Each structure stands twice: as C-alpha cells, then as structure tokens.
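Dock the two chains into a complex; use the hints.
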Amino acid sequence: MPELTMTVNGKQVTGSVEGRTLLVQFLRDSLALTGTHVGCDTSQCGACVVHVDGKPVKSCTMLALQADGRDVLTIEGLAKGGELHPMQEAFRENHGLQCGFCTPGMVMASVALVQENPDPSEEEVRHGLEGNLCRCTGYQNIVKSILSAAKVMRG
Amino acid sequence: MSVPEIGQSLPRTEDERFLTGQGNYIDDINLDGQAHAVVVRSTHAHARINAIDVAQALALDGVLLVVTPDDWKKEGFGPMPTKTAIRKGKNDMDLAEPPRHCLAMDKVRYVGEPVALVVAETAAIAIEAAELVDIDYVSLDVVVDPKKALIDGAPQLWDDIANNLCLDFELGDAAATQAAFDKADHVVTLEVFNNRVTAVPIEPRGAVASYSPETDSYLLYNATQNVHANRDTFAESVLGIEKEKLHHIAPDVGGGFGVKNGAYPEPPLILYASKRLGRAVKWINTRSESFVGDTHGRGQDSTVELALNKDGKFIALRTTTIGAIGAFCWTVGPFTPTGGSARTQGGPYGFEAMYYQAKAVFTNTHPMDPYRGAGRPEGSFQIERVVEKAARELGFDPVELRRLNLIPRDALPLKTPMGLDVDCGDFPEVFERTLKLSDRAGFDARLAASREKRLRRGFAIAPYLECTGGGPKEFAGVTFVENGTVDLAVGSQSTGMGHETAMPQILAANLGLPFDDIRYHQADTDKTPIGGGHGGSRNLEVGGSAVLQAAGEVIEKGKVLAAHIFETTPEKITFEDGAFAEPGTNHSMTMREIIDASFDPLTLPDGMEPGGLNVGSTFERGIISVPNGCHAAEVEVDPETGKINIDGYWVVDDFGTIINPMLADGQVMGGVAQGIGQALMEEAYYEEDTGQLVTGSLIDYALPRADDIPNMVLAFYEDAPTAKNPLGVKGAGEAGCCGAPPAVVNAVLDALKDYGIENISMPLTPEKVWRAIHAKG
Ligand code: FES
Ligand code: FES
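Those protein sequence lines, which keep their order, are chains A and B. 135 is the number that the numbering used here gives to position 135 of the first sequence; each next residue is one higher, with no gaps. 230 is the number that the numbering used here gives to position 230 of the second sequence; each next residue is one higher, with no gaps.
Calculated from the structure, these hints are not laboratory results. On a predicted model such as this, the values are computed, not experimentally measured, just so you know. One thing to keep in mind: the hints can contain errors.
With a cut-off of at most 27 Å between alpha-carbon atoms, the simulated DSS-like pairs for lysine-lysine come out as follows [unchecked claim]:
#1 B/LYS436 <-> A/LYS144
#2 B/LYS643 <-> A/LYS144
#3 B/LYS107 <-> B/LYS147
#4 B/LYS275 <-> B/LYS73
Just chain B, with the same shape it has in the complex (with noise of 0.2 Å):
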C-alpha cells in the first residue's frame, strides 16, 4: 500500500482478524495447565459477614483452592486506591476514602461484591463449588438513594464517614453568581434527574494470570483499558511487590466505554491463586455478573438554576448536584460528580457567572466509575434541559434563544466562569450548519404528515461543549527493524476505536512511509516505559501527538545521517515528501533508502550505531482540549402508545484536525447510540428497600437494538484545528453521548408540548410517556 495521507479514510488494519474469527480476546487466551476461578459474590446489598464455611466447596471433586478475605488479611494484601484528582472539597474538606479491598473485609456493601474466590479443573466444577461456599450473613438497613443516604439516621455505610458524605465540592465563584440572579429578570430552574446506566461491552470483563517461580514475577493478559496504571495498583497496592514484577497485557478487548479503565478486584485474586497453586488461572465473568460486578456511571440528581434578562441574555448558571459513587470510592469514581460534570457547566453559551456544588455520597450500589463522558453529558443535559425549559415557560423560540447566548466567535479564546480553556472554535457557524442540515423548511410538512398519522412530531437542537482529560502523558516508541518493518509501539489503548489504523497511518504520513510497513504495539507493559491507556478521548490528542512528534525525531536523527552521506551539514537538509534533500544540488534520499542505510555501518557518522533512528519520546499535553458541535433530533410519539421513533439526526462536530473521517464518524454513531439509549432505555435500578439490581441481566436492562437507532446525518466544521496540540485534534470518542441525550428529550418534550408536559425523567420508555400523556388527560 503507498503512503498514506491525514485526513484520508484509510481502512482498518484489525479488521480482517476480527472478520475472520482471528481476534484474540481474553476469553481466547489459554494458558498450559489453566485451573478456572469463579467469584463468589454477594447476594446482600448491605450485610454483616458472620462467618464464610467453605468445606463443602472444597469437598467437591475437582475444587483446588477457595480465597477467602481471612487469607487476604493473612497476607496483609493492601486496598486499591482512588486515583481521582479531586480529593478537597469546600473549606478545604478532604475527600472520604474507605479501604477497598478485593475481597469484602467483614461487611458486605453492594449486591456483587466479592465475597471469595473458588478455583477449579473446570470452569463448570468452579461455578457448582461457587454455590457451595455458605456465607452466615446478618443483614443492615440498606440506602441506595443518594439524597436519603444523606439524611440523619440514614443506613451508615462506614462507620467513620459522617452522613455518607465522600465530598463536598463546589467550584465556581458563589457570591457573584448569587449577585447575578439578584439582579437577573428571570429564574429558571428545572430538577434534572440524570439516569444511572452502565456501560455493557458486549464482550465481558475476565483475565488470565500466571506466576512463575523462577523469576518470582507475574503475567497478566486482562480486558482492560489501562494496563500501566492497573498494574501499578495491583502490585504496588495490593500485592506489594514491585511493578517490574507483573507484565500487564492487554489483548483486543471487545469494547469498554470506560467500564474497563479501572482496577478490579478479579485480577489480583487470580494473581494470588496462580501463585499459591503453582498454576495459570483463568476468570471470565458472565453477563449477569456483569451487571452487578461491573461499574457503573450518570446516576445524578441535579437542581439546576438559570438566570437570564429580559431579552433572553444568560447571565448565571447555578448547579447543584447529588451525585451516586455507590459503596466505595473506585479508581476515579468521585471524580465525575464533582470535577467531571464540573468543567463543562453552561456548555457553550456566554455567562457571567457560574457555580456548580456538588455532593459525591455512598450507597449500598455497585460503585461508579466513568462511562463514556463521565461528567460532561451530564453537564450538556443539564443545561440544555434548563434552556429548553426557560425558552417554553418565557416565551422564546428555542432556536433563537440558543443562537442569540452562543458564545460568539470572535470572543474566543476565552476562559469560561468554570476555568475552561475555549481557545477555538466557531460556535454559531456549528449551530447554523446543523440547522441546514435538519432541513427545518421542511419541517411544517413533515409536521402534518404525522398528524394525519395521529403522530405528534417535534424537534430540538442541542450543541454541547466537551473536553478532553485522562493522563496527560503520552508514549511512542519508534524501532526500525532491518526487514523494513517498523515498529510503532505507544501506550494508549484501542479498545475498538482504531488505533491499530490511525497511528500508524500518522506515523506513516509524516515519514512518508508505506502504511503497511508499520506494525503497531499497543496495551503491553514491556513495550512502553509509561502509557495513559484509553479514556477521555485522549489516544489521538495525547498518543497521537506523541507519534507525531517521534516521527519529528526520527526525520532530525535522519538529517544527521543524509547530511553525512551527502557531506555537509545537517541544517542543510531538508525533509519532503518522504525524502532528505540538499537543495541545490541533486542529492536525495527517500526516507526508505535512510533507514536502510542506517544499518550499514560504513555509512554513519561517528556516534550513531546500527539502527541509529530509533526513537522513544513523551508527549505531554499543557492544556486539555475543548471538543464542540452540535445535535439536533426530530421525533415522532405515538400518544396511544407511548412509543418514540427517531426520524431524523443530525450532527456537526468540531473535533479540530480529522485524522481519519471515517473513524471519526464510528465514534460519533456509537456515541450518540450510546446518548440514545440512556435517553430512552437503559438504566440500572436498584429496589429501594433490598438494594437488588432489578436491571441484572439483558433480558431486564434495555440495550438498544438495530431498529432503536436511527440514521444520523453528521458533519464535521474544520476549519478551527487547535494549537493545544501538534496534531491540531480535539477528541472525537465521547461528543456523541452529550449531544443525544438532551436532543432526543427535548425534542420528545417538544412533540408531547400541547399536552403541557414540562418533563420525564430519563429514561423515557414508552410506559413512562404515556403516562405523563394520560395524567395530564
């Protein structure tokens, strides 16, 4: 294949193997001599551990080992730390962090929590010993609702954390946004109730560990989406060994959206078993466990306040939030209620003022950790549930008072009352080609039409403003081979996004090299000194300027060795298209011949060995970039029954430089799926009094499906490539679930406004409209 372009639609390099039934996912990976472990997990949402008999389990044929917390205490196993980067609160409060450990230490907290580990021949034998285990429980008053948990007298999750209160966060200055509603002409304020949903990769978390004896040191293939921070806190944290003792692989992994970034209890388990069995140990979760022992993210209860003028200008935003982190604090899980939802607050219209509090508080739930956005749709919802709001109630047209608060573009680069970097970008242009795009003409027609078919129709526009975050660091590692392969090895991680195309496809661009020379490393700790893993749409920002800026390393050593071969100076040289040059003169070498000559030692120069353009360098990021665009949704609701068909969708996306369109768009579709389903679906939901999850399999926890989603029309508005970063990229993954939530409701709300339905809370499953229809007659 030639040499690839930026900006061209290069198909993916993992898509063979994935079609062929060539991938090599976790569950594929087996080990010689592999015993099989099964969790046992808690049945009780909130329970004292009397006592844990495990003599009939081990009494069964074929049952090898069973973990239980008293051995994790024997060997003194440390708990697994929040790595959140929000720890204060007001008045300087610290954040709340309970000791997690892999097995539940004497008390059972959430429905799901590790309670034990079986290992066994089989994974059949595992499974059947895992129901022997008898767990003595004495069950404890469980609190699942975050606003109850914060009552007196509520259920107390941690005997030393007062009220269940982890933090108390606010940001945002409080007295001159107090002083901007005082003068403001008009109020709104909405309660917005943002659903607890979970992230469900279709493949299920599992891992494969195996320890050996001569080396004293651990391998670990896991479903992650971090494999350098995981191995840290499984080492370092729990096992106390150091980190150079455990090589963390990933394999393909089948999906994560988040769900897969944080340390899990399983894999040190397996760690621990595989060394005291002297065997490979091998776990898989299955989907139902999933549901319970997966994390989850959103679960939000927001009272959001807007503070506009008469003309309709925006002047304060006001937010107050109680946010769900479940039983413990996980890898960043109070993260997104405060500092996550935080940073986006207003979205991107111009405020004077902004403030945001929020309360991140404990429940008898599964713990939260992000998913897909982790804080920024909750933000795009929030504010434009609220502007639809003030809009209807005084008297706006919606379109036109979104367009007349959008920040304009000339006032960029600006910092926003939040202390969000908005360098660039062009916000109204984004609304007005979305608007285009959405063929509002023709709306009255389409409009009619579904009167005649009994149909109510309505519309909404939603732009959003996102940012990018996760480690701020980033690895590439070039290693020319003599073969004419070359090595690209970088420590952030695909999961499904592409990776495996877009590097290399950088890399490629900037040598001039044949895309299919490259062959690309990724997830493995003995690749990469450092890597950031997935998450925050940060691969491209961060990984990807990484690439780019190693390939300007590998062109400056290349300089060195041309101006050598052609005898001057290597400032002399120039590098383009793919070749080294001195111009005024006819020497030149394409990029191809200089690698080959760099391993013909009688032509290097003095100090450069064999080789000698190999290349390790860090990226890392000053300022974290501000994705932007806008959605808009026209829906169709059947009164008689409630249901809600997607007959239109539209997206412009500002993601700065497009490396790749066509990868772009997958992110944006599987995105705004993602936006679509927790608007209209999905939510895992808990029973009040018992603290079961209700939602615990597929069969009772909604995932759309083909005809659920609609076709999207999308876009991108390119002309505003960011200076934060030498690709000039934004981030593409998370854009699409915060522009769909609040499109599709507001524009249900919109269809349903006749009958003067102000809101539903999410998500709005047809039995929900039709009630909010029917109550109001």
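Isolated chain A, as found in the complex (with noise of 0.2 Å):
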C-alpha cells in the first residue's frame, strides 16, 4: 500500500493507504480524527469539510493520496489552547448547531468563507454555504453566528 505524509492539526503524521481510501476515511479509521463527518455520498451535504492548505475541501470527495504532503486542519485543530476559536464560540452563543453532525462541516466552511470575506452580508453568507446542509437549525442562526464571528475575527 502507498504511503503518505502529511501535517494534520499542525502535526506530521504518516500512514499507508489503499489507493481508494478517501481522506475522511484516512482522517477518521487511521488517525481517529472522528470531528470530521460522512453525511451523504454524492458531494452534498458538507458534513466532511476540512481545510487543506487553508482551503475548505470536502474531504468525502478528495483521496487521502491527494493530500500527501500537504497541509490538513480539521475541526479538532480549530480550537488553540484550550480556547474557541471566534466562530466556535459564535456558534455556541447563537445557538448555531443543534445535533452538531454538520456542525464540523459548517464551522469548518464559515471559517473559510470569513476568511476569504471578511465583511460578508447575509446574502453572502446564505450564498456562501451552498456546500454544506443542516437539517436542524433551519440556518437562521448558523447565518447569525458566522456573521457575529466575522465581526470578532475583522478585530
């Protein structure tokens, strides 16, 4: 089997992998990052979103080979010290997850979308999570969480 290395959470870890293995499943079954989640099995629904090299990927829809020697952050890296990150925390203050399944996906994508658009507006926040589905929230408040972190993040 292949092998591969890459620096997940800002820690290099190594592993082999059969060709097909996807990343989720090289995230989750090898390192046992399970943050990171399988909701669907057609590229829908978001729950798998991580960042590699500080772009949101759906990690269902990229082989974990792909990922070799690059630079994965996945839900359970976001968080420094012991501390929330602003969008963690905004989530948690909006009431923005219900059963946290998307919640990984969905925190993982807005830090993304803040990231590239500091100063979104609603529309642009509601446009900007076309990847990723909750069945929960009703995204009222998955929407007001990201747009009170983007304030915190813009300093």
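Shown next, in the form of structure tokens:
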C-alpha cells in the first residue's frame, strides 16, 4: 500500500493507505479524528469539510493520497490552547447547532468563508453555505453565528 | 455557574463537545475486533424471490458471513409488530397487519427492502461482496399510488389482505356532519395532496452490536430515538430473548425528526451476526441507502369539505383521506393517516360537527412512520387550504374569514368535535399579534415595489392547532454523588433538541443548585427502568414534568433531614430560594448543605441511609397538551421563472411555559425550514410502473439550503400555561412544520391570484409554478 505523509492539525503524520482511501476515511479510521463527519455519498452535505492548505475541501471527495505532503486542518485543530475559535464561540452563543452532526463541516466552511470575505453580507453568507446542509437549525442561527464571528475575526 | 432560572436562555452543555469534534455519534464508535456489515437491498419493488446464491460473495477474501432469509426461518425469529394506538376501524374492522420480518421472506415488496446481510473484515469488502450476492427475482406488478391500490384488480401486496386495505378508519359524527352540510348555505370542496417526504437527518442510521457468551447477553449502540421500546421489539419479538439480555444505548444522535423512532431490521440482523461470529459487528447506512431504507412521511390524498353559513361562519368539516403506509405496518405507521391526522382537524376554528375518515393503504413503497408532526401538519394543511379557497370563492377577505371563526378565548376549555381537549390559550390574540408583527400596513408599498420588478407578491396567515403525543410515561432519576455531582437520568431522548441543557436546567432551578453540578444521562436502558424516547413533542411535557416531580420528592426528603437536624418536624420546614428553613428561628441550611449532610451517617434520621435524598420518579400524563400558534408568510414570485422567494416570515407560538427560549426558538426555526422544504422543494417520488425511487440521493431529493430559508421573526404568547402538566408546557418540537406549508402555499397562491390559479400541489417547484401560470396564459 502506498505511504503518505501530511501535516494534520499542526502535527506530521504518516500512514499507508489503499489507493481508493478517501481523505475522510484516513482522518477518521487511521487517525481517529472522528470530528469530521460523513453525511452523504454524493458530495452534497458538507459535513466532511476540512481545510487543505488553508482552503475548504470536502474530504469525502478527495483521496487521501491527494493530500500527501499537504497541510490539513480539521475541526479538532481549530480551537487553540483550550480557547474556542471565534467561529466556534459564535455558534455556541447564537445556538448555531442542534444535533451537531453538520457542525464540524459547517464551522470549517464558515471559517474559510470569512477568511475569504471578512465582511460578508447576510446574502453572501447564505450563498456561501451552498455546499453545507443542516436539517436541524433552519440556518438562521448559523447565519447569525457567522456574521457575529466575522465581526470578531475582523478585530 | 450559578443557579439557573426557568425561562433563561442557558447556553448548551452539549455544544462544546459538538463544536470541537468530540461528539460521539454512531460512526465514531468502534469495538475491538469488529467486523463490518452491509445490507443487500431489493432492487425490485415487487417480486418473488426464486433463489439467493451467496457462494460468490462468500468466496471473496475477507467475507465472514452472509445472513439470508433461510437463517431467519431456521432460527425461528419473529416479526416486528406495529405499536400503533389505532387498531380498529369502521364497523369494528381490525387493523390488517402482515408480518414484518427483518429480511424479505419469499417476496420483496419495496425497493430497498433488506434481503440479506453481508459481514466482512472491512466495510469495503462487505460492499463488494454485497454486489456478488445473486438474487433471482421474478418480477410482479407494482402499485405505488394508494388510490390505485384500492381498486379491484390492482396488484395485491398481501394474499390475505383484500384491496391492499390496512385500515378503514373514522372519527367524529357522520350523521351530525351530514345534517350540518344539508343546512349550510355554502359548501367548499378542495382536493389536497400532501406530498410524501422523508426526514433526512444529516447523520445516516447505523449501529454497532456485540455479544458476550459469558453472560449470554448483547450490547447494542444504535442511532435510534427510542432505546427502550426498540429494545423490547428486538429482544422479545425478534430474537426471543429476555429484554434484560439486551443493553441498548443511543450515543449522540445526529437528528431524527421521527425517522429514527421506529424498529428497523438492521439492528437485529447485526445482533444475530455478532453472536454467530463471536465478534462485534458494525453497520452504517450510506445516504443513498437512507433514501430507500428510511421511513417516509406524509403522503396523503384528501378531499376536504367545508360547510359555511352565508355570513362566513364555519359549521362543519368533513375530510376523506387516502393515506399510503408503504408495504408494511411500520412501528406506528398506520397511525399517521388515521388517528394522527384526525385529532387536530379543523385547527383553532369553531365547528358544530366534524367527520374524518381515512383509508390506510399498502403500496410497493418504503413503509411510512412518523415524520415531525405525524398527522398534525397534514390536518393543518387541509383546513388552511380549504379556508383560503372558501375566502376566495365566496368573496371573503381571508384574514377576516379566519378572524370570524377562531375559537374565542372565553369558549375555552372545550372539547372539539374530534375529541381534543383544548384547555387554554387565546387564539384570537395570537392571531392579532402575528398580523401586527407582519406589518400589514406596509404591504401595499411592498406590493408596489414588487410590481416594479415585475414580480408578484402575496401574503397568507395560517393559525394552527397542535397536540402532543408519544409515550405517556416518563422516568427521572436523581442520584447524589458524594463529590458534589448530581446525576440526572431521564428516559426521554434528545437528538439535537438540547435536553442535556433544558432538563438539568429544570432540576437545578428547582433545587437551587448550580447548573454545572448536574450530569445528564439519557438513552441507555441500564440508566432508567423505563423510557419513552423521543417523539410527539413530549420531552418537556412528560420528561420535564418527571424531573420537576423528582425535584419535589428530593425537597420532601430534604425537609425530613432538615427537620431532624433542626430538631423539629418536617411540616415546619420551608424550602425557598434553595434553602431549607424553619420560619421563626434562625435555622437554615442550603440544598448543598443538606446534600452534604445526607452523606454523614451521624446526621441522618432513623431509616435514612447515606445518599438518602436519591429519588426515582415516574410521571404519567393525563391528557395530551395542545400547543397552538400562528404563522404568516409573504412571498414574491417571478412569473418568468416560477421562482419563489419568501420575503417575510412571522410566527407567534403558544407553547405554554417556556423553559429555555433559545432552544424553543431553535425548534421553531428548524420546523419551519422543514415545512418550507415540504412546501417548495421536497418529494420522495416513486416511478409509477416500476416502483423505483427516483429521488434516491441528495442530488435528486431537494433539501433546503441556507439561501432557500428566510429569516423568521418569532415571538411567544406566554399567558396561558397549561394545567395538564406541572410545568405548564405544551410542547414545541413539531409546531413549525404544521404552520409553514399552508402559510407558504397560500401566500404563493395569493401572489398568483390574478392568474386564477386555484391550486398547485406541493412541492411548489419553479417548474410547477411556471406551468400553472403559463397554462392560464
Ligand atoms: S460527506 Fe457529504 S459532502 Fe462529504
Ligand atoms: S445541527 Fe443537526 S444537521 Fe445541523
């Protein structure tokens, strides 16, 4: 089986995977980083979003080998030194999650959205979430969370 | 953290775990040495199984076992019974219940029905092997439309069930209703179609099972909403073992909405496989499997007739429904189109008489089970659609016609002609508050602005009446630990609604303890002797009441201890603001001090053991509660494209006492979004001749995304707590999807009224809207 090396949440990891192993499977099964979820098999739901070299990626749609040598950030690596990231904090304050299953992907996508567009309008946020499904919240509090986190992240 | 209050928007305990990737969902659970299972599902909607050849599958390296229907027969495993509360129909007819086994016996009756289970070293091998299971089918004629299924000569699903009729149900007074229709000045009739949808929680279903030969018992982790009832079914009905031999736990569950309530075939299959292999077995559905393998909801065709006087007063309502229930009676499947849809008929309006009749019908489709609301959204849609039609047809203002017919406050309490006990509330006030929120005065300006953009604008208001349901009993256990922790275990279950916060909030507020002292336990058959799980908006009503009752019992025990310490009698002790005191003296001890004292053998009265404040309390509801409220929607429609934009959405809800407004808001928002999904986008669509599910993936089944859902303005009417339970709560979980479909659909039809379009059936996709506009030229 081919070998790979990547940085995950700041730590270098190595492993061997089958050619067909998806990035999400590598993260969940080999590294036991189960915060990244799988909600579909057609690349629709976004529960699996992680960052690869700083860009949001659906980890169910990328082979683990494609991430060889790259820098991966998952939900487990977002909080720093016991401090929640402003996006995580905003989701908690604004009740931006219910069952929590879409949440890791939603938060990772939202962080990328705000990094890309630090002062988004509500419409831009709603549009920017088109790759992420949530069945619980009706999105209103997710949008509110992102707008409020954007303010904090702008400083 | 300090002592919380009822009515406080406490942030959620579970959030930190979920936000940092530390949630523990079913797919995150891995047991040592586990094997992986994949279900082989029927590709036919109706066929005889000639033969199942597993040789090739078994020959694949890494395959451990293929479970077939023959294994099931050999073991003598039983079917999973339906637990619907409605079992009798017209003329004392009994519900027709065919046996529902975990694997298809001799015939398949819907696409997705489990036929075999493959277990292998890895999930990838199991998937590959599942494709190698060779099933020789002889196809049979298919029927997916329940109306056609009833006709003589239609394909028959079950040899001994004539015309595919499961149950012919009625409620209300047929004769009195007919008499009212006879004397009515107007009768307005509408055909209403309630589209078949499915819940699509973002977490697919799955389970992990293991068997211990030492104790001859099983452990099952399962993404279910109801560990106790499903344990009983799996253990007693299927495997034929004592229920105590099956320890059933639901970990964090990623959404349910009813679709995870019922007893599914996969858990018993992997329980059996785990015993045969002597290894733990894990099974996780894919999303595509979920579409063909999860229960569906709604799916009703109804004729609604409204009788009115010439002044617009409603006098009678008659609804005749044909409700699909799929190929089998699922866990409570036949209940939804019958009793479930009957109870709230007529909404919050006054009627002299009502009559509801429904046929629950078998078809070659996945069986139905509750989906958020389970009958009440259907009832609400029926009445609101016919009222809107009546207003238009008879020339009444739709707002005025509703205002005229709402049950006035002073008419409460009353029993509706459907037997629903409506104890309190103020429907006219809730209606007026909703109107006020929605800024009716500004409508004309907004209409003009839309016209400028060549868009049509419409408005609708939809008051609704709801009721709770689900298991009537709930258990709350409070255990004090010497280190200061308080364990609270309740038999109801959260699948995202925030029980881990709301339930400790109730206990802490009533005992005067810091919120952080309480540790919450749920969904574990070893933690509570009984449990009703999730469903019917029942958690606060019965579970919350059990917690309150348990708190009361702790306080009573605390008074005995305090009296002993103060050297007086318990009747003299008061408990206020978290402290026990003897008025007229300076004797006072906080709850925390009394708890600490309860662990000190030297301070205990005779008969009290250390830790003697522990209680286990069962609450049983008498009569179901009646949440109610009102929705309003304003929409813009682009006649060029048929695209609908919901431009304003307002809700006022009467849920009785609000424990945690933030959580209650969340329930409404989520419910409204699902209602909007049903109204505009979603449909589980089966092809007529083949019974293939066309909407079998998230590419084909349209789930609302962030830009499909508007911002909602929400408010609560809190002046009418119910006396039906000690908390005064009415239930919040399902109300959102009762109000949204009629509000949105009626608003769209209002926007299109110049085209003379009377009806468009849900979902109102751009294509359907465009066609309706262009058909009218
Ligand atoms: S798991 Fe659904 S998009 Fe990746
Ligand atoms: S919080 Fe449950 S799917 Fe988003």
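Do the hints match the structure? See the list:
Of the pairs offered as hints, the one joining B/LYS436 and A/LYS144 holds, with about 24 Å between alpha carbons and a cut-off of 27 Å not exceeded. This hinted pair checks out: B/LYS643 and A/LYS144 have alpha carbons roughly 25 Å apart, not beyond 27 Å. Among the hinted pairs, B/LYS107 with B/LYS147 is consistent with the structure: their alpha-carbon atoms are about 23 Å apart, no more than 27 Å. The straight-line distance between the Cα atoms of B/LYS275 and B/LYS73 is roughly 17 Å, inside the 27 Å bound, and the hint therefore holds.
In the structure shown, no violation is registered for any of the earlier numbered hints.
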